[in-house]
Amino acid sequence: MATQVDTTAINGADRVASPSFWSGVWHNHAPGYLFLLPWFIGFFGLTIGPIITSFYLSFTHFDLLTDPRWAGLDNYVRMFTNDPKFAASMRVTFFFVIFSVPLKLAFALGVALLLNRGMRGLPLYRALFYLPSLLGASVAIAILWRQIFAGNGLVNQVLAVFGIQGPSWISNPNTSLWTLIILAIWQFGSPMIIFLAGLRQIPQDMYEAASLDGAGKWRQFWRITLPMLTPVVFFNAIIQTIEAFKSFTPAFIISGGTGNPINSTLFYTLYLYNEAFGFFRMGYASALAWVLLAIVSAFTAFSFLTSKYWVHYDD
Amino acid sequence: MSIKLDRRQFLMGSTALLAAGALARPAWAQDAGLRQFFWGGQARADRTYGVNDLFAAAEDGATVDSSFLGWGDYWPKLATETAGGNAPDIIQMDYRYIVEYAKRNAIAPLDEYVGDVLKLDGFDEDQLEGGKVDGKLYGISLGANSVAQLVNIPAFEEAGVEPPNRDSTYDDIRAMGEAFKAANIRGGMKVIADGSGVEPMLDNWLRQKGLALYTADGKLGFGAEEMTEWFTLWNGFRADGICVTAEDQALDTNGPLENTMVVLGKSALMPVNSNQLVAFQALVQDELTITNYPRIAPGVGGGHYRKPSMFFSVGGSSANKEKAAEYLSFFVNDLEAAKILGVERGIPCFPTVRDAIAPELNPQEQIALNFVANLGDLLGPLPPPPPAAAGEIDISLLRTLSQEVAFGARSAEDAGQYFVTEAAAILARQA
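Which chain is which? The protein sequence lines are A and B, in order. The working numbering puts the first residue of the first sequence at 1, with every later residue one more than the last. The working numbering puts the first residue of the second sequence at 1, with every later residue one more than the last.
The shape of chain B in the complex, shown without the other chains (with noise of 0.2 angstroms):
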């Protein structure tokens, strides 16, 4: 009877500190290393972890406790760490999302260590601008991209037209489309995706007329008229066959590569960034390049723009910001590490950096860093950080929009009037 008391009273004992333990589990897992948190697939992570050992190495143990999540899952999951005082030392930053962690001193400025262990010297200024939120640095650019149109070569080839070229129009291209339809290769592939929920797109036509997406206070830059004109512009190419159809585009959720355009094989173009060129090739037999965005008329420039692909930021909380400053500076400025992680990035922001690693690369990687270093009239300027509600803008308006326009739902005047209307009410609400 005591023996069985006495079992008794362990079990007890051992429930409850296995609950204690549990619950003070948090207390002991921080150790003295970094912890690492990031978007991207497995290619990233592979390149990522091998830098990570790079830097153990050279630093002696210091360690990167590293995680990564696809673009949809990592930004709730941020958030939530972040509201819970749980941020990550170092954060992966875009720039749609910088100035609002900023503002909201979720991730620290690090002037103060500029020149000191964060080592910046012959950095694109260009770029370095990119990662400032009102004059302080809170972002480095792990490298540049753009925006570029995904080329399937072969299907050029069988359909017997040139791919376009730096100077190929939104004309040019329906003349491509029309040839397209004649020589009708591969079950009536279409020349290209359907643009007109593309927000880059709609972003890089608006460049090109001297308009923007959002002015720098956080305002709309355009107005209904513009909008209507977009959707008109892509109801002819619908109507005529030239964009593939309303049904085919809804296919493309925005989601995982293989739901997209090119990879289907429904168009031989689709409007993609420049660093994706490796992973499209990855899915696709038929060889692939990229070149620009259609200019809106002969000659019109300046829709491009070198945009940081991505930031690594430090965690406003973090108790180690030195350590990840020297983190970050050994990430862009080590000539191991950038052979390591390419271009896959976007192209590095040290001309010492692409000069050393270009010979290293691959065909597509060699392209891709071309296209970015050469884009020369196309260029503008880099536009200010949109506004926090860009997203929602996207997502929930301009992508459902487009379809109801594809699917004959809403007339384009409609669709550009309700477009302005709504677009500015998403703007003022509040969290």
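Here chain A stands alone, though its shape is the one from the complex (with noise of 0.2 angstroms):
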């Protein structure tokens, strides 16, 4: 004992500390760090190795039967210069965007106010909306969509009943995108809840002086719920916007997997998958997937950068 002062006086206490602090350390928290080893290795194997052999490999030309050859930027030289299908399934990725993420959150938005009236059985109405939400990205509801918009299905059947003969809308290369878009939108249940919770949490009172003050509904609306709503405004449209770039499955199923008819519902995701595992360019699919993970950056660092002048946190 009477050593380790005079080193700890001699030496300074970093030198002893450090050994004694790590170990302490260990002591307190080893059978924590045992318990999430499983999570560790699933995260550094499956997720950090992956990321970087990705990004490793989108420099190279690879096809997974021979080693990766080392290609410089050809890659990304290719897709910006000489690739019509990129070009193709970048214009129906951000059409997809651009349509579905405002017209799902207002939908959403919309929902939440009628449910925020409070009214008897409320949480069966919020289970039953939230539902499409869990069932959406699933092939199921994707292959129900198929049959539904199929040109002898739902949709037609009912539209048949007023003497339209409406077109076979998932075959079809200007409606095909919209009925995609239609089941975006039809999925609103998690930015529903959402702006159900942020709803809830508008002070009252404030409602009480503005009706007092002679302002109606849609004055209460425009000047109260929606500048008190932003923050979660910010939040829902950044989520959901990421979720479009990455939609894949809907369009998978509907088209088969080929983007088709003639490239309208190719999205980015689906031209990816394809060029990985349709025609074993491995190399050039984790170079588009880079992009990818640009484009969605720059999109919420833009929202971000954005937001001062739109969204109004309580101070």
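To be clear, the hints were calculated from the coordinates, so they are not data collected in a lab. Hints may contain errors.
[Said to hold, decoys possible] Restraint-style ranges between C-beta atoms, simulated for each label pair:
hint, chain 1, residue 1, chain 2, residue 2, range
1, B, A282, A, G110, 44 to 50 angstroms
2, A, F80, B, L211, 32 to 38 angstroms
3, B, A216, A, G163, 22 to 28 angstroms
4, B, A216, A, F43, 47 to 53 angstroms
5, B, E178, A, Q147, 31 to 37 angstroms
6, A, A140, B, A358, 40 to 46 angstroms
7, B, A358, A, Q147, 38 to 44 angstroms
8, A, S138, B, K103, 36 to 42 angstroms
9, A, Q147, B, A58, 43 to 49 angstroms
10, A, S138, B, R96, 27 to 33 angstroms
11, B, R96, A, W310, 38 to 44 angstroms
12, B, N374, A, L131, 56 to 62 angstroms
13, B, K103, A, L131, 23 to 29 angstroms
14, B, A424, A, P50, 30 to 36 angstroms
Ideal placement from N, C-alpha and C gives every residue a C-beta, glycine not left out.
Bring the two chains, given one by one in their own frames, into a single complex with the hints.
Right under this line is the structure:
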């Protein structure tokens, strides 16, 4: 004991304290880290590892069967200079994001406002409206959607009652992407639940004060509800935009993995998947994945930068 | 306190053990048996498992651990396993991929086993040739098939027309289409599906002209002129209501058979493979049969060929190559196995096996057997295996382009030119 005190005095506290600090950490937290071990293995082996590998592969030509060959920037150059399908998939994806996200959020907010009035059986309605979100990305729903919008599907049967002969929505290049946008809007459940929670946070006395001052419902919505809700709108918009960029399953099922008719449902992720697993072009697909990451990051950063002009936090 | 600590240590230990176990599992998952992987549906799987049981019984417990996937999922999984050095011992292989796999040593040459454990005396010569790459045998054909037209017999009866026979031409199909239009049966059913985006149909049409889809050195075997002529032919059919509309044809995404034109009741004829008659009949109430593709002019043949429907190959890294070769020999030789397999994978390649199973086949299987065995003047030589990018040209170019023409987004001339340019670019492109 005495010698330890001596060395501390001579060499300074750090050198002795640091091994005892780490052994203390280990002693106190070892079981915790051991319990986390399976997660660590998964995180480093299945997430970080593949991300680094994919970054490396994006600079190679790799067909899975033979070793990757270094290609420098070839993949990125081809993407932006000589790939009509890349451009087509960009157009489809941006169209989908630009239309599906605002419409979905508007719809979710509308339903949240209705449910916020307080009615009998509210939990039941909440659950029912949330259900499509849970089922949304599943193969079963995509197949169901295919049936509903087929030439003799439910939609056209309803239209036929009014004497309208509808097109075969999913197999017509003018309408096929819209069926996917409608499917996305229909899965409004999760932003709706978050809106509902946001609406509950708005103090009631503001509405009382406003109505005493003679503000109508419409004016109250624009002057109180929406400004108070902007942080929630911001959150939902970012999450839904990222979701929309990543959208894959419905297009994959409805077009049988092809992005047809005429590439009208060729989502970016679908194109990436086909390049990787259809045509074994792993290097190019990795480059595509990194470009997608860059685009989504840019969108998110842009949202954050502009948010100070329209998002109002209570302070 | 001390008991608590012990328990905690025990938990720590067991967690670490579990984690270690998860990492070490592959080491003891391998046993002496063979691993087999194939594409197909449940019906094919049941037949295959039946043969595996026979093999295990005959070989005194030589187990075959077998799994299967649909065509689309099969190739990514196989490529991933091969890249990971974990390829199965017995691999179902397609004519389209055999060169690619053989050249990369992902499958093993089998010549050293022929005549020893692999008995191939009397095996159809063309089917044996089909499994060779650079003169070495890499795949054992599991059956021969041919492209064919699926025919809905009652639909023709209702329209009051004779169904196509082996002499029918594209002009005859047009006449039948006019009759179908006049009869207006089943809500405007058309005589034929839109074949403009169907690669085997284009191939057959080109072969009748003495051309080929691909040359032996992996180039495009035809020019923009032919492609334009092809699209123009179908434009005419579409405009006159001989074939189905663009919108209907787009429902067929080359996925499940349920989305095809004959099954949906949109057309009475449709291009298929001869061994698929059995599968289609299971989905349709009407009686079906098959016939050959139309001729481009009376008396012109040579478009068809007997294609190895699929192969079994042996994994290049297999530790059990000899046993695997023994299994392949059993699979194609054993008569009991042949009775279980029927013609689901195509027509067996030993005449003795064909004779043995013929009496036991159901009517659809008999039709398929007779069709492939009696192609006559329709039969041409086996084309060289297609280049590696052929799949991409089919899926991502031909089908999309045929839709652009069908929906009027591109003229036939423009599409013909674009196809040739873009196909050359795809063929030249690296992985």
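Going through the hints against the structure:
Between A282(B) and G110(A) the CB atoms are about 47 angstroms apart, so this pair conforms to the stated range of 44 to 50 angstroms. Distance hint check for F80(A) and L211(B): the Cβ-Cβ separation is about 37 angstroms, which falls inside the suggested range of 32 to 38 angstroms. At roughly 59 angstroms, the beta carbons of A216(B) and G163(A) sit outside the given window of 22 to 28 angstroms. For A216(B) and F43(A), the Cβ-Cβ distance of about 51 angstroms falls inside the hinted range of 47 to 53 angstroms, so the restraint holds.
Between E178(B) and Q147(A) the Cβ separation comes to about 33 angstroms, which falls inside the hinted range of 31 to 37 angstroms. Range check, A140(A) to A358(B): about 43 angstroms between beta-carbon atoms, so the 40 to 46 angstroms window is met. Between A358(B) and Q147(A) the beta carbons are some 41 angstroms apart, a value that agrees with the proposed interval 38 to 44 angstroms. For S138(A) and K103(B), the hinted distance range of 36 to 42 angstroms is satisfied, since their beta carbons lie about 40 angstroms from each other.
The given range of 43 to 49 angstroms is respected by Q147(A) and A58(B), whose C-beta atoms sit roughly 47 angstroms from each other. At about 32 angstroms, the CB distance of S138(A) to R96(B) agrees with the hint of 27 to 33 angstroms. Taking 38 to 44 angstroms as the suggested C-beta distance range, the pair R96(B) and W310(A) does not conform, at roughly 55 angstroms. At about 57 angstroms, the CB distance of N374(B) to L131(A) agrees with the hint of 56 to 62 angstroms.
At roughly 51 angstroms, the beta carbons of K103(B) and L131(A) sit outside the given window of 23 to 29 angstroms. Here the CB-CB span from A424(B) to P50(A) is close to 34 angstroms, well matched to the stated 30 to 36 angstroms.
In the structure shown, a violation is registered for the earlier hints numbered 3, 11 and 13, in ascending order.
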